[in-house]
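Each chain, letter by letter, is given below.
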Amino acid sequence: MYSGPIVDCDIHHDWPSQDVLLPYLSAGWREYATRSGGRQPMPVIPSEVHPNPGGVFRDDAWPQEGGPPGSSHALMEEQLLGPYRVERGLLTFGAGTYLAANANPYWAAELARAANDWSIEHWLDGSDARLYGTAILANQLPEEAARELRRIGGHPRVAAGLLATNGIGKPFGHPLFHPIYEAAEELGLPIAIHAAGESFASMRLSPVGSGVPSLYLEHHTLIPQGIMTHLVSMIVHGVFEKFPRLRVLLMEAGVAWIPAVLWRFDMDFRGLRREAPWLKRAPSEYFYEHVRVTTQPLEIAPSRRHMLGLLELIGAEDILCFSSDYPHWDTDDIADIGRNIPEAWHRKVFHDNAMELFGWNGA
Amino acid sequence: MTVVRAGRVEVGIVRWDGDQLYALRNVCPHAGGPVCRGRLGPRIVASAADPLALDVDDACPTVTCAWHGWEFDARDGRAVAPGSRLRVRTYPVRVEEGTVLVDLGRARA
Ligand code: FES
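Protein chains in written order, with the working numbering: chain R, 1127 to 1489; chain S, 3 to 111.
Quick caveat, the hints were computed from the structure, so don't treat them as lab data. Note that the Cβ used here is the ideal one computed from N, Cα and C, for glycine as well.
The list that follows gives simulated cross-link-like pairs (lysine to aspartate or glutamate, DMTMM-like), each with its CA atoms no further than 25 angstroms apart: (1) K1406/R to D78/S; (2) K1368/R to D57/S; (3) K1474/R to D1462/R; (4) K1406/R to D57/S; (5) K1296/R to D52/S; (6) K1368/R to D59/S; (7) K1368/R to D52/S; (8) K1406/R to D60/S; (9) K1296/R to E1411/R.
Rough simulated footprint, nothing fancy, chain S against chain R, three-plus residues with beta-carbon under 8 angstroms: (10) 1394-1400; (11) 1408-1419.
Make the full structure from the sequences, and use the hints.
This is how it looks when you write it as structure tokens:
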């Protein structure tokens, strides 16, 4: 059992009710959101195409005082931070993770600003020194998202920019998004990309390739597809040539897909280099230098030996960063993950890799 | 680019920039395809800072294999794609009295 320090790279903190955002909105947007206190306020987050029939939360994570899972610091302490040596946790929003799913780009940008201010005030004031945050970015308007990142990226507890929903329906390597990466590089902050950002009806996107699936089970099984698309796109478009100090953390897409994508990518690049001649290295080299991947949900192979073989193939010891995804239904338990990866890797995967990524060594 | 046969060995002769001559074995290090039955051209180059400015580097004769399109530098046979260490075998070549001579070394003709 690993007893060393832990960095948890994906903890979903939430607001007790979306009404708490109201004071953070401008007067105009507050009026827009509430219609003078009417009974049909604007939802912050549009509906998902595939609701989980059992709900997306752990059943035991509902706070007694009300509000959604993730909204109670006391319960988070009791269930996650306390029992283990979580020395640093990265907060990635709850409902707010997907606020860029709003079709109205101006509303999404204002919501992102309000959500970030709320997060800083309520969770990142230093009263729990373990907690660090992300700047949620509404990427419908990439220039605005870059401005937002610059606005709060200097805060000592903001550790990354967070992209989740795909606000303009283009893979994240598209040059339209580059202002965001420019800002992140300038600030020395990694960009975290949270999976499942194509899950909202408002996006008019299929969350997976080849058409909209019918069941949440299909959708959830195939969630890594979106992350593969963003990863390949960022490398192909030369994001890491243009922004050589940019680092990226891929969240919640599991790990078993990595060798298939990287091997095919490197092979195809040899025959198709002429399409992306600005790449100065093999695609997989950009991956290993610039990209880290969160563990959850770590795939469970039919045998531990096969799982280990796969993890070794991808050099997992150096690229994986532990994440719990608390308080979601597919959360990974720290002790359980400890049993599924070799003990010799624990220190790096549970702690060191994330510390290095976020530039926390010596901080 | 012309392919000639010497016994069992097929060699692609590349002529570039007027009088530069190179000789490559017509066997691709990828999957054994006829690399010299593909295309010969200048190297496409660009910078990530300005992908619109796609350009060619005429100093880099590039052979694109007939099968899967992998690119090799005609001068030394090395794969063009960064990260690949594959290499097409090359042979010394010279011209004597109007005749192109390729030194196959100990290759069995
Ligand atoms: S055999 Fe030449 S590229 Fe495949």
